[in-house]
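The two chains are supplied separately, each in an independent frame; assemble them into the complex guided by the hints.
Chains as they are written, first to last, in the numbering used here: chain A, 1 to 1088; chain V, 1 to 309.
Among the clues, some could well be false.
Selected chain V positions facing chain A (Cβ under 10 Å, derived; list incomplete) [as the list claims (entries may be wrong)]:
no.	residue
1	His4
2	Gln5
3	Phe63
4	Trp67
5	Gln68
6	Ser96
7	Asn100
8	Asp210
9	His211
Under the rule of at most 25 Å between Cα atoms (straight-line distance), these lysine-lysine pairs were calculated in the BS3-like manner [unchecked claim]:
no.	chain 1	residue 1	chain 2	residue 2
10	A	Lys605	A	Lys595
11	A	Lys710	A	Lys605
12	A	Lys710	V	Lys117
13	A	Lys198	A	Lys186
14	A	Lys673	A	Lys778
15	A	Lys485	A	Lys673
16	A	Lys15	V	Lys34
17	A	Lys594	A	Lys605
18	V	Lys117	A	Lys15
Computed Cβ-Cβ distance ranges for the label pairs, DEER-style [to be verified]:
no.	chain 1	residue 1	chain 2	residue 2	range
19	A	Glu244	V	Pro109	19 to 27 Å
20	A	Ser774	V	Phe181	51 to 59 Å
21	A	Arg446	V	Leu214	19 to 27 Å
22	A	Gly42	V	Asn108	29 to 37 Å
23	V	Phe181	A	Met771	39 to 47 Å
24	A	Trp34	V	Asp2	32 to 40 Å
25	A	Gly622	V	Leu214	43 to 51 Å
Derived from the structure by calculation, the hints contain no laboratory data.
Note that the Cβ used here is the ideal one computed from N, Cα and C, for glycine as well.
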Amino acid sequence: MPDKSVPENDPITSKSYAAHYVIATVLLIASLFWALWDEAYGQRPWKAYQHEWRDRYTAFLRTAQSKSNTSIKDVETSSDYQALAQAYKQALADTSAQSREITTKLREVNGRLLAVRSVFTDRRAYVNALTYQIETESSASAKQSKENELNKYEAQTATVEFPDGTRKAYNFHELEDAFIKVNDQKTKLSVELGTVLKPVTEAKSKMDQYVTDHMVDLTPEQIAGLEKKTEELDPKILQINVAEANIVDRCESCHLGIREPVKLTPAAMSGKGASRPDEYARAFTSHPEPELLKIHDPEKFGCSPCHQGNGRATTSVAKAHGNYEHWLWPLYTRQNMQAGCQTCHASDMVLTKPDGLWDVIDAGKRLFRDRGCVGCHRYEGYDREPEQLQSINQQIKLFEQQKVDNLKDAADLMKQADAAQTNEEANRLNNGAVALKVANSKIDGRLQQLDFETHSLMQDMKKVGPNLKDVRLKLNRNWIPVWLKKPTDFRPTTKMPNFRLNDAQIRAISAYLWQSAFIDPLPRQKPGNADHGKQLFETRGCLACHSLGEGENMRGGTFAANLTRVGEKANYDYLVRWVHNARQRTRPYCPYEKKDIGPDDYGKKGLPYVFDLEHSRCPNDGHELQVQNMTVMPSLRLSEDDARDVASYLITLKEQQPSSYPDASFMEDTSLKAEGARWIRHFGCGGCHEIAGMEDEGRIGTELTQEGSKPIERLDFALFTEPAERGGEEPIKDPQDRARLPEGPAQRPWYEHKGFFEHKLAQPNVFDQGMIKSETEKLRMPNPHLAKDQIQALTTFLLGSQETSLPDSYRYKPEDARGDIQRGWWVVTKYNCMGCHQFVPGQETILMQQQFYKDNPEQLPPKLLTEGARVDPEWLRRFLSNPSLSTSDTNRNGVRPYLQVRMPTFSFSDNELRVLVRFFQAMSQQPIPYIPERLPTLTAKETDMARSLFSSTAAPCLKCHATGEVQHDQHATAPNFLLAKERLKPDWVERWILDPQAISPGTSMPSGLFRKDKDQWVFAGPTPPSFLGYEGDHTKLLVNYIFQLTPQEQQRVASAMGRSRASNKSPSGTRKLRATQAGVSSVGSGSR
Amino acid sequence: MDWHQLWSIASAPDNVPIVALIPLLIFYIYLAWKQASANDALLAELETSPALAKTHHRKTWPFRPGWQKEVHVWPFLLRIEFLAAIIVTIVLMVWSITLNAPLEEPSNPNLTMNPAKAPWYFLGLQEMLVYFDPWIAGVVMPTLIIIGLMVIPYIDTNPLGNGYYTWKQRKFAIGTFLFGFIILWVSMIIIGTFIRGPGWQWFWPGQTWDHNRLIYVVNRDLPDLFGITSNLAKGIFGVIVVGGFYAIGGFVAHALFRRYNPKDYRRMSLLQYSIMMLFLLTMVALPIKMLIRLLFHIKYVWITPWFNV
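In isolation and in its complexed conformation, chain V is listed as follows (with noise of 0.2 Å):
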């Protein structure tokens, strides 16, 4: 184990944000999680007992029921958000103040530096092109990334879930969210920072990132596999592998879609649900071209000569 590289790589001043992103996230996810587990009991509680429903308070615990149904924004909402904007302000002086940028020696047109690292918020995508073509990856995966978001309030057709948080209202929409975030987003981060090395090598934490590292790799396409050798028929291959990832992921989609969110499925138009099985199926396609790639060494699955998938 290697504590010095992994200190090394922790310490850089360019990854202050990401080492403090892993805590920070993990205690976010379990305070919105416990907040909504309370939530979705206190719900229960109130479908059984109309009475109660009519009367309670908008917390979950602890609760009289003399107490304010609803409360005002000022005081009460901005003293907190007030007091956390000063605790940010301080975090940041204080981050500024004992880490300066860390700006590197002037650039070389001789000589690239290795590992070439984009800024951290990039390096998931950065991440994505080993997997993907460098168009794909660098320009169709973000748009789509950003129409994708865009469209959301559009398909999303739950009226529940506003203002508070829950877990039951919404299984759908956090699960695929979470999927999303963490991950597509943090863990292609994660293993940008910590992972890849000289060579963009795949260096496990605490594995000395050694600039003579050799490995033997052979990463082949799947037609090659199948023997397939004309381009037509890679072509032709690679638009029913694909077509069929699609047609047979959509249909388990649909049904498991249709068993698990009837009312969701009852509520969405056709054109609002073919968008939303099409932005589902890609990104699902992300992690799944990803380990095929590095648990069975499957470099393209569709080959054209414009374009490779």
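Extracted from the complex, chain A is given alone in its bound form (with noise of 0.2 Å):
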């Protein structure tokens, strides 16, 4: 035993714990109140930000009252509000006598209704109960004692007493009677002062109304009311509820400025002293676009549907915001903030207005269907013709398959009928061989629906990349492997992104393209005149959609190739078939059998080798061909001659000599041709190319619909897992991909769908640094070299493409006339319509920003801001159809011949014309289907009079707008009158001639040539005697006459001003041609 001192007393039994007890109960105590600290503050931080915002806002408020005292005054000198006020104190000295009267006889009636009140509902109260009792009770006997009694306490009587002193007795039905006489009295008197008192309440509330109608911001009275609600705030948590959407967002418990009516800047909510906006001020501002919470009401939206976040937490910004692990919808971050719109905008694919309100997504969405993301990944919503086209190819084989099997059956059955021992049994399989052939026929229609079908789909489908079966007529062969190399390092600005190929893949591929072309013989071009060539590229309006010239000198529209050096590349004979008509294909090729149909296929069945859009039958099956180059191209209608002069133009656009490429004799090697093959599958070259062999290669990318709400899991960082967990070093170290990152290198873990989108598309091998994976295991996006912010926009757009629990009818899906907007857009996007014209005020279109076009602005093409208010839908088909107006002079414009720039024809399908067509009636709110004003024949008279404002020398309409006649149209700034009758509707020419600049502000047409007089509008300039007594509008009278226009008329009319002879030659023969073929499709669109 240890050697220790033993005390005296036993310490089991002696030992103290006092101490022990009180330390523990202390700590016990404070933790009980830190418990009760947490659940009240520590729980609940919103409660400090309710305080905080109750002190701001209160102080913010009365600044602002003071401020708005000011002006209150201002608006109380006026004369008006003085008069208001007069009107008012006379009102009130008027009725006031007749008031008091009133109001006296109603205090002493209110006096006795209380006395007999209190006395009323008491017993009142007694009876009802005991009714109740009489009316539960089962036995009879007790419902009749119960009666008894209450027929007792009816009868006995009860003393009012009156406020006068006097005290009346009554039993219960006197007091009842008593009770609803009072009370009648009141509600009369009541009455009768409102009657009394309305002028005065009326001219009060007239002052008032002016008051809040010539304030600026709000009244003192509002803003008295906002301070009140302010003061009266009692924490607690405020909430959105949406059962119907299962969105509870307490956002507003912290953000109580938000839907403040007042502007809440960060500034304006910083206590006093701050030198910068600290959390309370920044959570305390109102919403910045006002005009979005408008549209989306957030008692019906809420707020995370857009922003995302934990909309029910409350216990901490974190939590609140879904910045943390387990939250799998964090808060969009500023940069991304538009990614919102698309969880139910994903049906805008084009969102055009040019106030920036969602430029951001729109830009997203532009980029991943222009760049030809569509080629790889497929995306609900684009690039959807491919997937139609397959499935109705399916449908072709079976019903071919069911043909054929119909046709054996039936042959079985003849030849069983043949053998058939009684004439019964014969006739029956005959019969039944007839039913089969019939059925027969019947798919015979439904074949050809099909084919119609596809004859649209096969118009509207375009790839993102040339053709590459041209590739041998087209193009220099020694350029293809430089191209290959480095697309970026020929011309920066390509679509075309860099695939990182090793020089074995360069060889094979540049073989195999080589090898699998086309060689059939283009004509030989005879040279033209480059500097006329130039000249009508400049003008023809071919830099809308392409540009000259890089970096700094850079001119023109990005949305097609840049032409700076397309001589290096390109082969003159193809450039001349190309300027001519893009869409021009060297074969067809045929869907249902796979393959290019040439010139022996069209022999052996003994028909000519034609093929074109009416010519578009495969010789072989009598399916759909394609017969265009899917390119969005479009045909500017040149003469071969200019179209020589223009390819000899482009052909000078170089920066070395074509010759000087090293020689690539090696694509000839075909023993390269089947890993040139494979290495096209494994890129995936055919989603943006058309490549022999290669035309039903499925997409290769994963699928992006939903790509926003993938699980982080999913998305492969490799070995940059942790770094970007953790915040660890930017893995991107060439210095152009890193320049590309939006919020420049990683600083803070990056770890996220964001993180991940950015760096993806920073450098798309990012995550292959380090691996060691062999040439078909890397990672094949190729490298798309875009900017910041447009990585910003795609990442937004990526981030939006959610997975929504939101029901349907939160999905802006609509099928009226918005739903038409929706498609037109597509089709306006996808041919670059926008390039030329100006279809949404505020847009600038390529044009504009051209030179010449700023020195000669009427040289402008026209503005479509109300064409379909203009224009008759049906001429406008025609016209889109066919924009020359003319199948025999072909090289103009129909409407606009004064325009150098050319309409082109885009040879839309019978399916975008309408889609364009119900567009821009739909832009222009105009009802569907269209139903023409019929217009009343001018008198002899009227005619006379109408004709002298046409031709009267104030306003000489001919003077600017053309007449058909070579000579005067060289001068013309306008389109032909006699156009206007198919083209134009009346009321809206009307609108026009009134105020020309209203409709399109910068028109060369002369606004102010009718004033108002009275009822009627008159010519401004002078009139002849005639015009005396006529009380119709000079407009109209001028309108009918323009639209009963004829061409004798406009002759006349014009060799009667001095001109020269008007053509008689008008566009209305070729409009009898196409009118049948429009007409038609006209109906079906207008029964939609």
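This is the structure in structure tokens:
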């Protein structure tokens, strides 16, 4: 045993635990208070926000009050207000005697009512309770006794003491009558008072309304109301609860200023003397886009459907914003805020509004489409045609098979019938055979319908990249490997991404392309005039899509290729054909047989080798052929000579001689072909290009429709998982790619969707870094060489691409005119119509930016702001399908021959024509179907009057408007009147001639031609005496005249005006030709 | 050494009990051991001095002959227990204020979390799943554990050691308990918490839990090592090996038990003794199975069409 001193007393019994208990108890109580505090404030940080809000907002409102007090003084001193105040005082004085009398009476009646009511309600309560007992009593005797009791009670009297001291005794029924009587008296008096005071209240409300109308901000009353509301704010969770969409958003528990009717900035909400807005100030600001909130009422949409975050969480800012590991939908960052739009607006493929409300998401959507992302990545709604075509092809195959089977069965049946024993049996079998043949003819009908759909789809289907079946005809062979090495070295703005191909891959791929391409001979073209070509190139509108020059010197649009060095790669003969009509194919392609159809196939069937939109049936199987190049490049309807001139000009655009490219004769090496095919499939080249043998290659990338809600674990950060989670060093080392990161090299952890998308887009193979992989295992995604803002836009788009739990009704998929607009924008942007035309106010077209058009604004293509209201939809359809409005003389503009820039022929399919026409109608809020206005026929006198207006020297219409006469039209700057009848809508023409500037600012058409004289529009210039006494509008007269104008009449007027003979040629001849065709489809569209 | 990884495991709210368990366990074993050895020393002294034994106080030290030999539960025991209750209440309150329930995202049937871990107290069972068939690790073993615990009072024939700490008087019982609790239960929980990472792979503490880590491990069955191919032969081989383990192990355990624990052996009936041996050998089999798996990559010993061991 250890030798230690032993205490005198037993420690077990003598030791005191007082100190232990004191300390433990103090700690226990402390932790209890801590728990209470935590319960009240620690877990409810929003309370601090609400206290702070009360102080700051009240202070803010007080300063606002003083400001509005001074401004209300200005309003109140105005004479109008004084007059109203006077009227109010007058009314008050007029009624004061009467109202005072009634008020006295009313007060007396009120006293009586009070006296009666207090007794009456008490007794009525007793009677009601007793009645209930009688009703629910089961035995008859008990009922009887209760009834007796009730009668006795009702007969008892009660004394009512009135305010004037009188007392009166009533039994229950008398009491009831008395109560009703007094109550009626009171109602009557109240109504009377109201009637008497009506002029007073009206005058007062007029006064108040005047103040509200003339105050810029809120009135002092409104501010006082807000102040009161703020002071009475009781700390509590403020939530929006939408059961229908399962939205519970408590965001406004801290963001108290979001919906306030005043504009709250962080600076305004900062505490006194604060140098920078603190977290409270930033939380209290009002919503930056009140317009958006108006459309999306928070009571219906909440906050989190757009912004994400955890709407239910209230315990901390990080929790509420969803910025913690286990919340799958963290708040969108400021840069990617617009991702939220995509949740419901996925069907708006184009969101055009120039004021920047949704510019980022719109840019993302456009990039996704224009850069050919859809070539590899499926995305719901993009590039639907190939899928539809495939399903139609399958249906066709099924039907074909069924037809063959039916025929075989029918033959069998007939054979059996021949061998049948009895006549009846033979008849039955024969009937069966006939039925099968009838079924086949039904199938034929269905097949025809499918072929018709195919026709439209094939026309609509476009590829982002050019047709590579033509490389042999089109390209300088030696240029191809150089281009494949790194396309941006040759053309920095190209849509073609950099594929990081090694030399062996380049050799194999180029060899395959070269050897699989068409070898059909091209007609040799004689050289053209390059100077004239340059002039044509710059004036016909090529620059709306194409650009010339690089970097600072670039001019033109970025929609299509930059042509600065086109002369180094292109073959002149092919270029001529391309410029003349880019859609012209070398050979048609039959998707049913999956082969390119050549002259042999036609020859075998004895058919001429002709294929175009009218001759699009396959000679082998009768199904639809792809007869066009799948490019959006339209035909500018240039003459052969002009096409040669333009091509001659283009071929001069080069920085080095085509012959200076190193020899690439290995492309003829047939042993490389198979490997080339493998690599082409591997890299999915067929997604953007048409390549022989690769027509049906599927998309090689992952589907992106719901990429934003993919679990983060499914995004492969590879070796950078840990660095991304912990905020390690930026993995992208290449300075060029690093500069693409929207937020610069990583500063903080980026293990999130945003970080993944941004890194992936900046350097698609970044996640291969450090990995040992074979060529086929390496990440295939090419570098799309995007700029920072483009990556930000695409990231936003992808972040928003989420599976949503919102009900379908929240998604914006209108079926009415707004749906027409949605669908129309798709086509409008598909063909870059906005490069030339203005569709929405404020939108700047590519041509507007060019110096030539800045100097000559009258040469700009027409603005289409009110196109739907202006033109007849039927005419528009005809015009869009053939803008020359002529079958013979196509080398011109149909409506505005005076413009140098050319409205091209886009070869729209029937489907796209319908979409476009409905789009224009919907954009101008025109009813569908369109019913043309019937104009009254002018009398001879009226015609004379109208003619005098038409030819008035004050406004000589034919001076500017084209007449069809060549010499005159050289100086014309406005369309021919003869077109008006079919083209325009009369009511629009009338509005137009009244004030053209209002409809199309900057137009050269003069305004102020007419003035309002009483109820009549009269010509502003001198009018002949025949107008005396004419009461109709002069505008109507003129419009009717224009719509009844004949070529002869126009000619007469023109010659009378000393002009040379107006042409009587009109495009009406061509119109008749097309009228029937267009009429049929318009019926179809009208009934929808 | 990846301190970040280690810290992120140790600081996870889920793992607070385990992190606390390690020092607490060490401390209490030390405390019990200290008291037991003092008791054992006292017992040795009292056995030699009957006079002292008559008057000796309950406590080992200090001692005065005049002190009470026994004290009342109230207040002398309860005041300490109440103090402990207060302290535990404080700890629980502070814990619940500072750490929220570690809730995660809604479960996604298409995406299993990796590693998917059971609550800390079940991690030992989950670890057993690595070595045995699910129905053995998940059903048979837990049942045996429960039955084994229930059986203890009936096979424990040692009357000594009630109400005081001792080692000498209950070497076998305490040894077996420490083996079952520390080795088989606590250490497996610690393995499950700190060592099993993504893919339930073995990561030493301080090694980064890399989700993309690839390792080459081939686990073979014992019959395959001997070139046995037919199912019947595998079954028979397994019976022999497992039976051999119980026979040889039983023989060794019997010899040791008789040698070091003759008193207990004498007091036990055949039924008690054989039940104890069965549980003891099964208990010992568990770490043996784990070791041959971890060290020699042997998956199963006994293979039948119905179960594998």
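Right, here's what the structure says about each hint:
Interface hint at V/His4: satisfied, since its Cβ lies 6 Å from the closest Cβ of chain A, which is below the 10 Å cut-off. Proximity of V/Gln5 to chain A holds as hinted, the smallest CB-CB distance being about 9 Å (cut-off 10 Å). For V/Phe63, the interface hint holds, the least distance from its beta-carbon to any beta-carbon of chain A being 7 Å, beneath 10 Å. With 10 Å as the threshold, the beta carbon of V/Trp67 comes within range of chain A, its nearest partner Cβ sitting at about 4 Å, so the hint holds.
Hint status for V/Gln68 relative to chain A: holds, with the closest Cβ pair at about 6 Å, below 10 Å. At a threshold of 10 Å, the smallest CB-CB gap from V/Ser96 to chain A is about 8 Å, leaving the interface hint in force. For V/Asn100, the interface hint holds, the least distance from its beta-carbon to any beta-carbon of chain A being 8 Å, beneath 10 Å. Restraint check, V/Asp210 versus chain A: the minimum CB separation of about 7 Å is within 10 Å; hint holds.
Below 10 Å, beta-carbon pairs count as interface contacts, and V/His211 has one with chain A at about 6 Å; its hint therefore holds. The straight-line distance between the Cα atoms of A/Lys605 and A/Lys595 is roughly 17 Å, inside the 25 Å bound, and the hint therefore holds. At roughly 54 Å between alpha-carbon atoms, A/Lys710 and A/Lys605 are farther apart than 25 Å, so this suggested pair is violated. Restraint check for A/Lys710 and V/Lys117: satisfied, since their Cα atoms lie roughly 23 Å apart, inside the 25 Å limit.
Our distance criterion of 25 Å between C-alpha atoms is met by A/Lys198 and A/Lys186, whose separation comes to about 18 Å. For a cut-off of 25 Å, the pair hint linking A/Lys673 to A/Lys778 stands: about 22 Å separates their Cα positions. Taken as a hint, the A/Lys485 and A/Lys673 pair is honoured in the structure, with Cα atoms around 18 Å apart against an allowance of 25 Å. Note on A/Lys15 and V/Lys34: the hinted pairing holds, with a Cα-Cα distance of about 22 Å set against a maximum of 25 Å.
Between the alpha carbons of A/Lys594 and A/Lys605 the distance comes to roughly 19 Å, so the proposed pair stays at or under 25 Å and holds. At roughly 48 Å between alpha-carbon atoms, V/Lys117 and A/Lys15 are farther apart than 25 Å, so this suggested pair is violated. Roughly 26 Å separates the CB atoms of A/Glu244 and V/Pro109, a value that falls within the hinted 19 to 27 Å. Our hint of 51 to 59 Å for A/Ser774 and V/Phe181 holds, since their Cβ atoms are close to 52 Å apart.
Checked against the hint of 19 to 27 Å, the pair A/Arg446 and V/Leu214 fails, with Cβ atoms roughly 55 Å apart. The given range of 29 to 37 Å is respected by A/Gly42 and V/Asn108, whose C-beta atoms sit roughly 31 Å from each other. Under the hint 39 to 47 Å, the C-beta atoms of V/Phe181 and A/Met771, about 46 Å apart, fit the expected range. Restraint check, A/Trp34 to V/Asp2: a C-beta distance of roughly 35 Å satisfies the suggested window 32 to 40 Å.
Taking the beta carbon of each, A/Gly622 and V/Leu214 are about 57 Å apart, not inside 43 to 51 Å as hinted.
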